[in-house]
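**Student:** Note that the protein sequences, when read in sequence, are chains A and B. Under full-length UniProt numbering, the residue at position 30 of the first sequence is numbered 30, and the numbers go up by one with no gaps. Under full-length UniProt numbering, the residue at position 207 of the second sequence is numbered 207, and the numbers go up by one with no gaps.
Because the hints were derived from the structure by calculation, they are not lab data. In this text, all values refer to a predicted model and were calculated from it rather than measured experimentally. For every residue, glycine included, the Cβ atom is placed at its ideal position computed from N, Cα and C. Any given hint could be a false lead.
What the hints assert, rightly or not - Here are the in silico distance ranges between beta carbons for each label pair: (1) B:D278 <-> A:E75: 20 to 30 Å; (2) B:K174 <-> A:D50: 53 to 63 Å; (3) A:N67 <-> B:A167: 37 to 47 Å; (4) B:I312 <-> A:L27: 47 to 57 Å; (5) B:R245 <-> A:Y76: 21 to 31 Å.
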Amino acid sequence: MSIQNLNTFDPFADASKGADDDVQDGLVHIRIQQRNGRKTLTTVQGLSSDYDLKKIVRACKKEFACNGTVIEHPEYGEVLQLQGDQRENICQWLTKAGLAKPDQLKVHGF
Amino acid sequence: MAEDDAIFDPSLKKKKKKKKTAFDIDAALAEGGNETQENNTAADGETKEEDPDDANVDIDLDFTKKKKKKKKQPFTSEDLDAVGGESKDDAGNKVNNQDDGPLDDNFDLEVDFSKTKKRKKKKKDLGELMAAEADEKHEDKENVDENSAVWMGSDRDYTYDELLKRAFEIMRDKNPDMAAGKKQKFVMRPPQVVRIGTKKTSFANFTEICKMLHRQPKHLLDFLLAELGTSGSVDGNSQLIIKGRFQQKQIENVLRRYIKEYVTCHTCRSPDTILQKDTRLFFLQCETCGSRCSVASIKSGFQAVTSKRAAIRAKTA
Numbered sequence: 001m002s003i004q005n006l007n008t009f010d011p012f013a014d015a016s017k018g019a020d021d022d023v024q025d026g027l028v029h030i031r032i033q034q035r036n037g038r039k040t041l042t043t044v045q046g047l048s049s050d051y052d053l054k055k056i057v058r059a060c061k062k063e064f065a066c067n068g069t070v071i072e073h074p075e076y077g078e079v080l081q082l083q084g085d086q087r088e089n090i091c092q093w094l095t096k097a098g099l100a101k102p103d104q105l106k107v108h109g110f
Numbered sequence: 001m002a003e004d005d006a007i008f009d010p011s012l013k014k015k016k017k018k019k020k021t022a023f024d025i026d027a028a029l030a031e032g033g034n035e036t037q038e039n040n041t042a043a044d045g046e047t048k049e050e051d052p053d054d055a056n057v058d059i060d061l062d063f064t065k066k067k068k069k070k071k072k073q074p075f076t077s078e079d080l081d082a083v084g085g086e087s088k089d090d091a092g093n094k095v096n097n098q099d100d101g102p103l104d105d106n107f108d109l110e111v112d113f114s115k116t117k118k119r120k121k122k123k124k125d126l127g128e129l130m131a132a133e134a135d136e137k138h139e140d141k142e143n144v145d146e147n148s149a150v151w152m153g154s155d156r157d158y159t160y161d162e163l164l165k166r167a168f169e170i171m172r173d174k175n176p177d178m179a180a181g182k183k184q185k186f187v188m189r190p191p192q193v194v195r196i197g198t199k200k201t202s203f204a205n206f207t208e209i210c211k212m213l214h215r216q217p218k219h220l221l222d223f224l225l226a227e228l229g230t231s232g233s234v235d236g237n238s239q240l241i242i243k244g245r246f247q248q249k250q251i252e253n254v255l256r257r258y259i260k261e262y263v264t265c266h267t268c269r270s271p272d273t274i275l276q277k278d279t280r281l282f283f284l285q286c287e288t289c290g291s292r293c294s295v296a297s298i299k300s301g302f303q304a305v306t307s308k309r310a311a312i313r314a315k316t317a
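I would like the entire structure built from these sequences, with the hints used as guidance.
**Tutor:** Given below as structure tokens:
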């Protein structure tokens, strides 16, 4: 027999899941890095691991007409990497696809 | 707040006009100067497009320089660059101001990166603004009187808007300084950004700007390098050398973000703040309103490999 009052109950169990489950929580950092010459690289860090990043990168490559890859990082998890300055493109795309809200996107760089 | 906007709107419009004229002069000068300017103006279009993105960063930075200086000095390429930056900025400002209209309540502290000559002009501007505001006030007063008369005499319930107007009117009457002091100017000098060779950029007045912001050079350095995703250091002449090509405008953008996050008080937007480190966290203590809040730590995040992999392997192995 068990006493119900002694059962551990986490009152925040459902809160941590987030109110709406179609949009991930946490910030998405979008950075730009300079390469040699006029070339640049855009990285997208912090996309939820629930998403299939390979599919995302495939769609992005087609949409922005650039190359891209998914990089596994021990600390930051899977990071999207796209060639060229795709900061605006990726911001619009992520919001349009409903993967992240505009206030979750944090754009770094100049 | 709605009424507040109503009061500030005309002033904003007026400002915009002023800005426009300034910009036109600049542009005219620039076009007279050299044809390379055209490239810059072409770049303008791009920056304009970028700006609405930054709309939530509504700090009105005005990185303008003395006008005199431009005329006197012979045109060097750097100077031209600087001028280009200015005209660009004015354009940016215009856009910003337009954006400001609807979401003014977001952030209306103005950071003014201008030098002495311009400042005088600005002051005059302010005077005009004040006058305009005063006029506005009178009109408002009448309105409020009317409004108050409307419900004072009758038995009907007063609406929320009427009450709000009344409250604001009383507040403004009791302390006129507050209404005037609301448009606070935070004067900044523009960052002097010069290219060294083809791969490095120098930020000449880095320490000066740190002093103006009352921040440790190390903190600003960390932020700049993390945001730009590069490496760099302060050299013997106390200027910052950054790896990579950056223009004045780009550095300004980053500085703007720094000021918004780490300099202006998040509660009252006063720039009079102190940054303290307390148990590994940075706290922003405001000297004006006394509020204290923690600010985000500086993280550079993921850095992709941009240099030659063979070179890295050679270095590590």
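**Student:** Could you run down the list of hints and mark each one as holding or not?
**Tutor:** Now for the hints, and whether the structure bears them out:
no.: 1; hint: B:D278 <-> A:E75: 20 to 30 Å; in the structure: holds (25 Å)
no.: 2; hint: B:K174 <-> A:D50: 53 to 63 Å; in the structure: holds (55 Å)
no.: 3; hint: A:N67 <-> B:A167: 37 to 47 Å; in the structure: violated (59 Å)
no.: 4; hint: B:I312 <-> A:L27: 47 to 57 Å; in the structure: violated (29 Å)
no.: 5; hint: B:R245 <-> A:Y76: 21 to 31 Å; in the structure: holds (26 Å)
Consistency note: the structure conflicts with the earlier hints numbered 3, 4.
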